[in-house]
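Spelled out, the chains give:
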Amino acid sequence: DAGVIQSPRHEVTEMGQEVTLRCKPISGHDYLFWYRQTMMRGLELLIYFNNNVPIDDSGMPEDRFSAKMPNASFSTLKIQPSEPRDSAVYFCASSLQESAGYTFGSGTRLTVV
Amino acid sequence: QKEVEQNSGPLSVPEGAIASLNCTYSDRGSQSFFWYRQYSGKSPELIMSIYSNGDKEDGRFTAQLNKASQYVSLLIRDSQPSDSATYLCAVTLAGRRALTFGSGTRLQVQP
Chain F
1 DAGVIQSPRH EVTEMGQEVT LRCKPISGHD YLFWYRQTMM RGLELLIYFN
51 NNVPIDDSGM PEDRFSAKMP NASFSTLKIQ PSEPRDSAVY FCASSLQESA
101 GYTFGSGTRL TVV
Chain C
114 QKEVEQNSGP LSVPEGAIAS LNCTYSDRGS QSFFWYRQYS GKSPELIMSI
164 YSNGDKEDGR FTAQLNKASQ YVSLLIRDSQ PSDSATYLCA VTLAGRRALT
214 FGSGTRLQVQ P
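Chains as they are written, first to last, in the working numbering: chain F, 1 to 113; chain C, 114 to 224.
Simulated from the structure, these hints should not be mistaken for laboratory data. All C-beta atoms in this analysis are idealised placements derived from N, C-alpha and C, irrespective of residue type, glycine included. Any given hint could be a false lead.
Below, a list of computed lysine to any residue pairs in the SDA-like style, where the Cα atoms sit at most 20 Å apart [stated by the list, open to error]: (1) C:155 x F:97; (2) C:155 x F:111; (3) C:155 x F:50; (4) C:115 x F:38.
Residues from chain C shown here face chain F by an in silico Cβ test under 10 Å; the list is partial [claimed, not checked]: (5) 174; (6) 217; (7) 221.
Derived Cβ-Cβ restraints for the label pairs, each shown as a range [what the hints assert, rightly or not]: (8) C:166 x F:5: 43 to 51 Å; (9) C:131 x F:39: 41 to 49 Å; (10) C:195 x F:2: 39 to 47 Å; (11) F:100 x C:224: 31 to 39 Å; (12) F:16 x C:184: 25 to 33 Å; (13) F:71 x C:128: 44 to 52 Å; (14) F:83 x C:167: 21 to 29 Å; (15) F:16 x C:194: 28 to 36 Å.
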């Protein structure tokens, strides 16, 4: 298995632009998680899905953030408009269960200037 | 109080020594506990999981859980320079079934 695949690996964008991050989970994993990692706040859960349905989006910072999972093999996290404080590494992870170990993707390093 | 607390370190140990990493959590109802390792610039990778009180060993790694004290630890025996990384504790808190991560402890193993 290729593991959890995220794209792009790096993204540099100007403030106010729309950013879309992509994730392909491990086949057969019913749970998909989006986390954000910064030096100040560590790893924070943004949202997670079970069988393509959002279960908990309480970690999504504000309305500028949205996430979708149109099918079992693809999810997107969109930020519109982006702000410099959104700069972070965004990780996607997948799992067979909510409370089992997660497999993380390589992450997307987002820089908003 | 943070929900999952770890000393940020760095924890510095000589090669061959035992490294002891600690984590406390706030929710007495927590059921599942994990240790992840994260090398600089890389993604977290799962090392150990533990669900019941006591010790669980896997190679050079031992996870210890004490639910009464709300404490979970990771021991690394015969530490190697390649063990130098940040170690993240993760817990499933009651009412939030996805993992909540601590801020991590940076371990440095000196050759």
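Going through the hints against the structure:
The hinted pair formed by residue 155 of chain C and residue 97 of chain F fails the criterion: a straight-line CA distance of about 23 Å is larger than 20 Å. Using a Cα cut-off of 20 Å, the hinted pair residue 155 of chain C and residue 111 of chain F holds, with the two alpha carbons roughly 17 Å apart. Our distance criterion of 20 Å between C-alpha atoms is broken by residue 155 of chain C and residue 50 of chain F, whose separation comes to about 26 Å. Note on residue 115 of chain C and residue 38 of chain F: the hinted pairing holds, with a Cα-Cα distance of about 16 Å set against a maximum of 20 Å.
Given hint, residue 174 of chain C at the interface with chain F, is violated; its Cβ is 14 Å from that chain's nearest Cβ, farther than 10 Å. Hint status for residue 217 of chain C relative to chain F: holds, with the closest Cβ pair at about 7 Å, below 10 Å. At about 18 Å, the closest approach between the beta carbon of residue 221 of chain C and any beta carbon in chain F exceeds 10 Å, and the interface hint on this residue is violated. With their beta carbons about 38 Å apart, residue 166 of chain C and residue 5 of chain F fall outside the hinted range of 43 to 51 Å.
Here the CB-CB span from residue 131 of chain C to residue 39 of chain F is close to 28 Å, at odds with the stated 41 to 49 Å. Distance hint for residue 195 of chain C and residue 2 of chain F: a CB-CB separation of about 25 Å, inconsistent with the stated range 39 to 47 Å. Range check, residue 100 of chain F to residue 224 of chain C: about 36 Å between beta-carbon atoms, so the 31 to 39 Å window is met. Restraint check, residue 16 of chain F to residue 184 of chain C: a C-beta distance of roughly 46 Å breaks the suggested window 25 to 33 Å.
Between residue 71 of chain F and residue 128 of chain C the C-beta distance comes to about 48 Å, which sits within the given range of 44 to 52 Å. For residue 83 of chain F paired with residue 167 of chain C, a C-beta distance near 47 Å fails the hint of 21 to 29 Å. For residue 16 of chain F paired with residue 194 of chain C, a C-beta distance near 45 Å fails the hint of 28 to 36 Å.
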